[in-house]
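A.B. asks: Starting from the given sequences, assemble the full structure and let the hints guide the process.
Protein chains in written order, with the numbering used here: chain A, 124 to 278; chain B, 40 to 295.
No wet-lab data here; the hints were simulated from the structure. Heads up, none of these hints are tricks.
Once the Cα atoms are required to be at most 30 Å apart in a straight line, the calculated DSSO-like pairs of lysine-lysine come out as:
(1) B:Lys117 <-> B:Lys240
(2) A:Lys210 <-> A:Lys249
(3) A:Lys144 <-> A:Lys190
(4) B:Lys272 <-> A:Lys244
(5) B:Lys50 <-> A:Lys236
(6) B:Lys50 <-> A:Lys239
(7) B:Lys117 <-> B:Lys185
(8) A:Lys246 <-> A:Lys236
(9) A:Lys205 <-> B:Lys272
(10) B:Lys50 <-> A:Lys249
(11) A:Lys249 <-> B:Lys272
(12) A:Lys249 <-> A:Lys236
(13) B:Lys272 <-> A:Lys217
(14) A:Lys142 <-> A:Lys165
(15) B:Lys272 <-> A:Lys246
(16) B:Lys240 <-> B:Lys185
(17) A:Lys198 <-> B:Lys272
(18) A:Lys204 <-> B:Lys272
(19) A:Lys205 <-> A:Lys142
(20) B:Lys196 <-> B:Lys206
(21) A:Lys246 <-> B:Lys50
(22) A:Lys199 <-> A:Lys165
(23) A:Lys198 <-> A:Lys165
(24) B:Lys272 <-> A:Lys210
(25) A:Lys244 <-> B:Lys50
(26) B:Lys196 <-> B:Lys185
(27) B:Lys248 <-> B:Lys196
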Amino acid sequence: MATRDWLPNAFWENYTQDKVKCVLILTDDDGVAINQQLTLSKFGLDGTPNTDFIELMEAVGEDQITKNTAERAEKKTIERKKNEQEKIERERAKSLHRLFEAKIQAFEVDNIKNSKNRILKSKLRKAQNLIEVNVYSMMIIMEEINVAESDTGSV
Amino acid sequence: MLQNLTQDPYKGYLICASYAPNFYLYALNLIESIRDHDPNANICLAVSPYLCDGRESIADHVIHVGDTPREKLIALTKTPFDITMYIDADSEVMHDDISTCFDQLNGNDIVFCALTAEREYCYTARSFPGGALELCGANFVYDNRKQIVKDFMKDWKDYYWAQHYNKDWWPTNEEGQPDYALYPETYRQWDQFTLWWLTKKVDKYKDLKFDIFEDDARWNWYALYIESRTPIKDPAIIHHHSWGVSKYEKSYGNIG
Chain A
124 MATRDWLPNA
134 FWENYTQDKV
144 KCVLILTDDD
154 GVAINQQLTL
164 SKFGLDGTPN
174 TDFIELMEAV
184 GEDQITKNTA
194 ERAEKKTIER
204 KKNEQEKIER
214 ERAKSLHRLF
224 EAKIQAFEVD
234 NIKNSKNRIL
244 KSKLRKAQNL
254 IEVNVYSMMI
264 IMEEINVAES
274 DTGSV
Chain B
40 MLQNLTQDPY
50 KGYLICASYA
60 PNFYLYALNL
70 IESIRDHDPN
80 ANICLAVSPY
90 LCDGRESIAD
100 HVIHVGDTPR
110 EKLIALTKTP
120 FDITMYIDAD
130 SEVMHDDIST
140 CFDQLNGNDI
150 VFCALTAERE
160 YCYTARSFPG
170 GALELCGANF
180 VYDNRKQIVK
190 DFMKDWKDYY
200 WAQHYNKDWW
210 PTNEEGQPDY
220 ALYPETYRQW
230 DQFTLWWLTK
240 KVDKYKDLKF
250 DIFEDDARWN
260 WYALYIESRT
270 PIKDPAIIHH
280 HSWGVSKYEK
290 SYGNIG
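C.D. replies: Shown next, in the form of structure tokens:
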């Protein structure tokens, strides 16, 4: 015998609670089932009550649908916050990678490569952001230039 | 074979830079970062000769290796140390605790970091129908005084060369054919798969004593970890995992 079953996970699509999302399982005489995801309005376009909507309310109940809606909203909020947090963290991870590559590039600059100043080079290696990379790079380069100038006697 | 495990072992760090010039630069940076935190460190650099520009001399030992991306497996067999901490070149040491890495061996033959399901989101590969990679070959300590460890390192290299470069070894099915249903062919490229096979399937190594670093994420902190999924715990080694970035970008957008 053919049946129509409403899944109990229906939820309101709007705050006025006259539109609902739901799943209807239609089973034919041979026992073959089809799932249909539906959005049902309380009233048809001509203003008459929607019989499917009425059937759903009788099968699942308004209270259950309201409860499902609240639970779904809470779950979505948690998911959204988690996604936002992960987006920030992914950006941090990407920044870390950019910082690493910037340091590697800095150490390839001749004046930095040839510098014997272990303390400043260590600070450059431990730089926490691109500004620190630039500052310590500049300090090392300036020192190397000064050493070179004093070696050649120039001012 | 008589093995002298009583005298003070010679301990040191092994780093390998081969194939790509950027790995030579990463390796130099890693060596300096080790010295920042462990000034008395003994360091061996295994390097493709054509990458060298003189700066390799900052290492205490320099070993020349070939030009494939997996020369690390050859370097592991040539370590000059009794106890070796191998670190992937695209890493940086971040903490003075690095000098305690050798203590983590704690009587074992090898101590690895783990590949876990929780951290799979930033791995290139881990699970396959025949199992899941559990040990990470990126940073680990091994006791090369033991014959079983020497044999293991040699087999790691030999099996990997056979599986990937020569393509004359792969696990077989009942018909004697490569079993790509259980062990997908895409895993041929991974020496981590070889590591998994040797530790899980080869009888000779059933007595190999291996363990996982305490707080292992600290010892191989992927720069791609997301803090809310993998809480940060004062990393000792940060791993920039340059070749894994592509997967990360594929999932989350370009680094640019």
